[in-house]
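Please work from the sequences and hints to get the whole structure.
Protein chains: 2
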Amino acid sequence: MIQHPIERLIEKADTAIIHEDFDTLMEIYADDAVLVVKPGTNASGKVQIRKAMEAIAAHFNHTLNVRQAGMKVLEAGDTALVVAKTVVSASNTPAIERNATYVFKKDPSGEWRCTIDNSYGHELLLHKEA
Amino acid sequence: MIQHPIERLIEKADTAIIHEDFDTLMEIYADDAVLVVKPGTNASGKVQIRKAMEAIAAHFNHTLNVRQAGMKVLEAGDTALVVAKTVVSASNTPAIERNATYVFKKDPSGEWRCTIDNSYGHELLLHKEA
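These protein sequence lines are chains C and D, in that order.
Under the working numbering, think of the first position of the first sequence as 1, with each following residue one higher.
Under the working numbering, think of the first position of the second sequence as 131, with each following residue one higher.
No lab work stands behind these hints: they were computed from the structure.
These numbers were taken from a predicted model, which means no experiment stands behind them.
All C-beta atoms in this analysis are idealised placements derived from N, C-alpha and C, irrespective of residue type, glycine included.
Some hints here could point you the wrong way.
Unchecked claim - Label-pair restraints from in silico Cβ distances:
| hint | chain 1 | residue 1 | chain 2 | residue 2 | range |
| --- | --- | --- | --- | --- | --- |
| 1 | D | T223 | C | N65 | 36 to 46 angstroms |
| 2 | C | E11 | D | D161 | 25 to 35 angstroms |
| 3 | C | L126 | D | G207 | 43 to 53 angstroms |
To be verified - Below, computed lysine to aspartate or glutamate pairings styled on EDC-like, alpha-carbon distance capped at 16 angstroms:
| hint | chain 1 | residue 1 | chain 2 | residue 2 |
| --- | --- | --- | --- | --- |
| 4 | C | K51 | C | D23 |
| 5 | C | K85 | C | E97 |
| 6 | D | K215 | C | E123 |
| 7 | D | K142 | D | E241 |
| 8 | D | K168 | D | E184 |
| 9 | C | K38 | C | D23 |
| 10 | D | K215 | D | E141 |
| 11 | C | K85 | D | E253 |
| 12 | C | K106 | D | D208 |
| 13 | D | K236 | C | D32 |
| 14 | C | K106 | D | D162 |
| 15 | D | K236 | D | E137 |
| 16 | D | K236 | C | D78 |
| 17 | C | K38 | C | E123 |
| 18 | D | K176 | D | D162 |
| 19 | C | K38 | C | D78 |
| 20 | C | K46 | C | D31 |
| 21 | C | K85 | C | E11 |
Okay, here's the thing in structure tokens:
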């Protein structure tokens, strides 16, 4: 089956996370992207997202592994929604499977960029605002 | 708690669906919106979406009821992701709770419009392509 360009981008992002190649990783995000660090805590923009990714790498003893066990892309004009089974594992944690949701946007040059990175999916609904 | 404008729009859409007020309902969608009619079957654009909504109303004996039992909006620039618990019921079916995912986009006039309407959420991953 032919991969959607966004599926290839997500694979590239996963590889970059595993290798802690944050320069490559940041290329995949839009300038105004939002990352759900954990339910209730978001990072906004590339500076915050990079810092969050570096902190996450350290939190998992630099052994973080992430892969998609399934993905579906829904495209509408210059916007796309990805629903994915994301498997996260590390030396200090058992593998966790998450129902992740990602939103991508096509920039004026035709490149897809991640604008919302919510690997927690509907777990957000369990979080009560302080 | 103050409602996000998109939460109010979704409530308006739910009321419009219940009353089969398809003119009001269609105002909420972007011109290039995509609706997941069922996993594997999408409607694209307002003409197809309206037809699909009319068929869904008839399928449920004109007793379709839809409401959100929880919503969370993640905003990034002119794009927003909504994760929601959507409860669907009708005279000929027991109530079903779905983990829905919706994407909204701000149009040039500053109005949010639904661009991807996927009430099935991650159920899409269970559908095998023909």
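Cross-check of the supplied hints:
1. D:T223 - C:N65: 36 to 46 angstroms: Since T223 (chain D) and N65 (chain C) have Cβ atoms about 42 angstroms apart, the given range 36 to 46 angstroms holds.
2. C:E11 - D:D161: 25 to 35 angstroms: Holds, since E11 (chain C) and D161 (chain D) (Cβ atoms, about 32 angstroms apart) stay within the stated range.
3. C:L126 - D:G207: 43 to 53 angstroms: violated (26 angstroms)
4. C:K51 - C:D23: At roughly 12 angstroms apart (the allowed maximum being 16 angstroms), D23 (chain C) and K51 (chain C) satisfy the hint.
5. C:K85 - C:E97: With Cα atoms ~6 angstroms apart, K85 (chain C) and E97 (chain C) stay inside 16 angstroms; holds.
6. D:K215 - C:E123: Holds, at about 11 angstroms.
7. D:K142 - D:E241: The hint holds at about 14 angstroms.
8. D:K168 - D:E184: holds (14 angstroms)
9. C:K38 - C:D23: Not satisfied, since the Cα-Cα distance of roughly 22 angstroms exceeds 16 angstroms.
10. D:K215 - D:E141: holds (13 angstroms)
11. C:K85 - D:E253: holds (11 angstroms)
12. C:K106 - D:D208: holds (12 angstroms)
13. D:K236 - C:D32: Roughly 14 angstroms between the alpha carbons, so the hint for K236 (chain D) and D32 (chain C) holds.
14. C:K106 - D:D162: holds (14 angstroms)
15. D:K236 - D:E137: holds (14 angstroms)
16. D:K236 - C:D78: Given that 16 angstroms is the threshold and the Cα spacing comes to 12 angstroms, the pair holds.
17. C:K38 - C:E123: holds (9 angstroms)
18. D:K176 - D:D162: Judged against 16 angstroms, a Cα distance of about 7 angstroms means the pair holds.
19. C:K38 - C:D78: violated (27 angstroms)
20. C:K46 - C:D31: holds (6 angstroms)
21. C:K85 - C:E11: holds (13 angstroms)
Hint violations for this structure: numbers 3, 9, 19, all remaining hints satisfied.
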